[in-house]
Amino acid sequence: MAAHAHYREAHPLVFVITHWINLVCMVMLAFSGFYIHYPFFDGFMGVARGMHFVAMFVIIINLTLRIILAFTVKTATQLGSREVETDIKNWLPQKENRHQFWPTVKYYLFLKKESPISAKYGSLQKIAYLATVPLTYLMAYTGFGLYGPTADWGFFAGGVDMVGGPMNMRIIHYFGMWVFIIFTMIHAYLANIYSFAPSRIIFAWKETVESEH
Amino acid sequence: MARVSIDPVTRIEGHLRVDVEVDGGVVTDAWVTGTLWRGMEKVLIDRHPTDAFYISQRICGVCPISHSHASALSSEQALGITVTQGARLVRNLIEAAQYLHSHILWFYTLAALDFVNPVNALSADIADTYALAQAAGTRAADFGAIATRLQSFVDNGQLSILSGHWWDHPAYKLPPELDLIATAHYLEALEMQAVAAEIIGILGGKFPHQMTSVPGGTAFVPTESKLDDILFRFLKVKDFIDTALIPDTLAVAPFYLDAVGYGKGVGNFLSWGVFEEAGFDAYKRFLPRGFAQGLSLEQVEPTDVTEDVSHSWYKSASGLNPADGETVADYTGYDADGKYSWGKAARCKGLPAEVGPLARMVVAYLAEASGQALTPDSFGAIRTPKVLIDSTLEALGVPGQPEVLLSLLGRIAARNLEAAYVADLSVAWVNELIGHVREGTLDGFFAEPTTDTGKGAGLWEAPRGSVGHWIDVQGGKIKNYQVVAPTTWDIAPRDDNNVRGPMEEALIGAPIEDAERPLEALRIIRSFDP
Amino acid sequence: MAQEAHGALYDLLAVRGVSRRDFLKYCGSIAATLGLSEAMVPQIAAAIESGAKLKPALWLNGGACTGCTESVAQADSPDVATIVLEILSLNYFETVMAAASDAAEKVKEETIAEGGYILIYEGSVMTGFEGGTLVVAGKTGLEHLKEAAENAEAIICVGSCAVDGGWVMGRPNAAEATGVQGFLNHEGIATPVVNLPTCPVNPEWVVAMVVQYLLVAGDDAAKFLEMTPMVTRRITDAVYGTDVDLLFPKSLFGQTIHDNCPRRGHFENGEFVTEFGSEEEALGYCLYKVGCKGPQTFTQCPVTRWNRRASWCVESGSPCIGCGGLNWVDNNTPFLMRLSDMWLGDGLTYVQPGSIAAVAGGVVAAGLVVHGLGMKAAGRVPGGAPTEEMKEYDRKRMAKKGGDK
Ligand code: HEM
Ligand code: SF4
Ligand code: SF4
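Chains F, Y and W, in that order, give the protein sequences.
At position 146 of the first sequence the residue is numbered 146 (my numbering), and the sequence of numbers has no breaks.
Count along the second sequence from 1, then add 213; that gives the number in my numbering.
Count along the third sequence from 1, then add 743; that gives the number in my numbering.
Rather than coming from a laboratory, the hints here were simulated on the basis of the structure.
One or more hints might be untrue.
Said to hold, decoys possible - 27 Å max Cα-Cα, derived BS3-like pairs, lysine-lysine:
#1 Y:Lys386 / W:Lys849
#2 W:Lys849 / F:Lys95
#3 W:Lys1143 / F:Lys95
#4 F:Lys113 / F:Lys95
#5 F:Lys106 / W:Lys1139
Stated by the list, open to error - To give an idea of the interface, some chain W residues facing chain Y are shown, with a C-beta separation under 7 Å as derived from the structure:
#6 Gly874
#7 Leu877
#8 Val911
#9 Pro915
#10 Tyr983
#11 Gly1020
#12 Glu1023
#13 Trp1049
#14 Pro1077
#15 Thr1092
Note that CB positions come from ideal geometry on N, CA and C, so glycine has one too.
Model the full structure from these sequences, guided by the hints.
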């Protein structure tokens, strides 16, 4: 991937905001989740659970909103381009992503020298960004299966029975957190490996016009 | 010659079948069959030692406390833990409460109906009953009311748990007044066993299956007020033992004196020892460790144990020590000449050994007779096994003849005398613990493991007999686990040399008045509290 | 005669020193256990004392440790003597019945032939060696259960073993144990089954269910099911592998221990016991960190308590081990850890989820560092490698088509 300019069209302000909300909620959920999993210092359980229960609703609403907005807001079709299109088309795999999965893998395994042609994101990122949607909902589903007020709703209780009880549900929920942690590590790595321009735009909404390259 | 199959044997823990051959009104041969196998040892493999403490006690719902203690002891040996004095005392108290619970429940609820006939009690004269109670030194109750309750119950025609029994059997010998007294105490015993179990509830969370004697010590932290709750209950139970259990035993015994003449069994007695003393020496426990052949006492080690399976439904090797034990089940159907039991044949120094209160009291008696003091001076006047046995022999008119204990009647008496000793001890221990709590002289209740790999043998005594748990821990996980339960000793089938187990042997020579209704055989079977 | 005998229940109780007030108190505590209102007390009293005939009942022991029998002997309200003398006619109850051998079996067979009884079942259903793991009076435990279940009005499963196999069905389930409902489904027997887990069963719940049955059903089990709110939980049978729906009385198994635990305040405050027998335990702190399974276990233990309400597990200082849960041993060991171990497969062992997760996380983090260094070494950082002119796929396709665009 050659260096690109990073324009605001790639991430309109509203998505900068939803991304922020996501990040904050995730950090809160993971931190409080870790604490609930094993309280590694005293005096925080009430706060941790409160944090978890607030953030879980916020993240679900935020994600749902983000999906709706994807059908109304236009975003850049390519990095370094100001040409825009309805966001969902850029979120789902684009024409440029077709047949590029293996080349991308090979590139990252140093089996291919040139950076593969990609659309707004490369094939791997595309898969990851899409996967976060069902994964977050899965966290919500497993979480609500553990959440007192909802655990006995048939929709959730059925899932708890299916996995063999609330203990297994907790384990799945706990593993889900690790999937997110691992995702976030890779995500942050891939996004920023060449330069911090992507972070500047997504967090501070600051354009990087020319690549330093 | 008649072959009689008693199946199921009721009023015992678990499932048991006993076959006897009766010839000329006398039992000439016997086969005892454990009829259930659940595979406890396998469930524990690869789990943590503490899990074994919680799970393994579920082998037996009547003596779970002792299994849990044996399990904890085995883990502690394997993991290099010495428990604190505080934990030792708390454990002794839970164990004592179970002994009292178990012995009361056994005598009145399980065994009494073999000697006491509540239906016959209906013809009792109430005034005579009071007189008899006074003469026997046993506690009175509202005998009239109980007779009325019994009458309504019988009149109703639905006999519930009393249905279908041989109430007209000629081997019932008590006068109706004594039947009524015993029936009254049967009902009261139901209350008393529950009071004793409440003590376990307080110390261990619940009974059956306690929660607190985890490897390392105890999760229970005593406070003065909790100990007061316990002391009050121990005193209540002790009072019942002194004013009902013991006098009832002495009052009923004369009517069944022939029972000193049979039911002796193999005459080898094993006790691993129970109720830990301050120095953690098993030979000095309040009921000490020992092996007696007849009335001669010797030492015994876990390596002396083997388990034969040539008559049991296993295909693992026979004659193994439990430390290297295996359990590979292989059910092949009942065959009295071949394999006929789920029980393994436990042997001590190659011999079948009786375990239980009689064995413990014999070992303790012999230890005391050789000059060993069982209790510290600070405990004051405690009725020790020798004192209790000697005075009972005198009361029964056979002073200085401890060998009469080796019989059906002796086995029953030994259990009740042991209850009296344990009741005395329990009060002393609560007071000791209250003193410590008040003065803050305890060194905590829990100690951490010093290693995660090792082997251990937890040898202890359940109310019904010797219990051993053998554990092999590697890297914090259980590699092998073997249990030799009290019944493994007493209901053992024949061994590799075709030698009968203790209960089988005890049945030999028993008189049977009516081969269709072998009540006398049931008395012997139940005397082991299998 | 019989009518009178039971009409005279109060006299009988009076004679035993139980006043009418005490008796109503019994009934009150039953109401409390069942989650019924005080207004129901007179009806409960009526249910206990009415009826010319005691309700016949059979208590069968399967693969049991007798702990549930022992436990029922600890019942408080009313006590066990009242249950067996004045509430039920327990015609078969191995551990306490007078009769033995054929005489005992005969009473049982007669009761079965007459029908109209409640079956109380303790212990797991032993299917190993075609039932050879439990043989009583020449028949397997399976046959005994089948016979008794077919003619019963309703079945009460006491204790976790009867519910789903309990600890006996814990891995590797060498004796092939399962629960009553699963077995009956397999045999096509439709007698209603109510499940009362924990190991052993809590005696007050047994009494409460029996009274509830007498109260609302009389001899119509369907009415009992209709009038008793239930939760259904679906399990996979340990032996047959089928889906089995288990019914639990909602008033007893609808809420977690954690919901009702007296130590809950300390949980919320983040005050925990980290070592047994410690200062924190003396203060009654929460046992979550030593693996308490209260948050995952649906029973009324903290409300009903144990041994005539003397105490219960958590109060004594031990974490709940989840004995009232389903497949409770596999789902809750190691008991002293927060999450259960995962079984990696035959010939392998158990491992903590946390260990798996930490290894996965560590491997990825290390991988990324190495990869980053590789990117640097390959000269791709910063700025990235030059982008290819054309997708590999297109290039290959063009090559195949001989350069034809
Ligand atoms: C999105 C919706 C989510 C819901 C509804 C949810 C709900 C819950 C609930 C109810 C609990 C149990 C709390 C308790 O019993 O006190 C829990 C625990 C936990 N949650 Fe979430 N959660 C969600 C998302 C997340 C996310 C995104 C993460 C991590 C990135 C996470 C990590 C955890 C962890 C680690 C635990 C502790 C598990 C254990 O060891 O018991 N959760 N969650
Ligand atoms: S002790 Fe157990 S049940 Fe009670 S609050 Fe703590 S975690 Fe919950
Ligand atoms: S508190 Fe937990 S371990 Fe104790 S009886 Fe209830 S379910 Fe079983």
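Results of checking the hints against the structure:
1. Y:Lys386 / W:Lys849: holds, 26 Å
2. W:Lys849 / F:Lys95: Measuring from Cα to Cα gives roughly 81 Å; hence the hint is violated.
3. W:Lys1143 / F:Lys95: holds, 22 Å
4. F:Lys113 / F:Lys95: With a Cα-Cα distance of about 22 Å, the restraint between Lys113 of chain F and Lys95 of chain F holds, given a limit of 27 Å.
5. F:Lys106 / W:Lys1139: holds, 16 Å
6. Gly874: It is violated, given that the least Cβ distance between Gly874 of chain W and chain Y is near 9 Å, above 7 Å.
7. Leu877: holds, 5 Å
8. Val911: Status holds, d = 5 Å.
9. Pro915: holds, 6 Å
10. Tyr983: violated, 19 Å
11. Gly1020: Nearest chain Y Cβ about 3 Å off; hint holds.
12. Glu1023: It is violated, given that the least Cβ distance between Glu1023 of chain W and chain Y is near 10 Å, above 7 Å.
13. Trp1049: Given a least distance of 4 Å, the restraint on Trp1049 of chain W holds.
14. Pro1077: holds, 4 Å
15. Thr1092: holds, 5 Å
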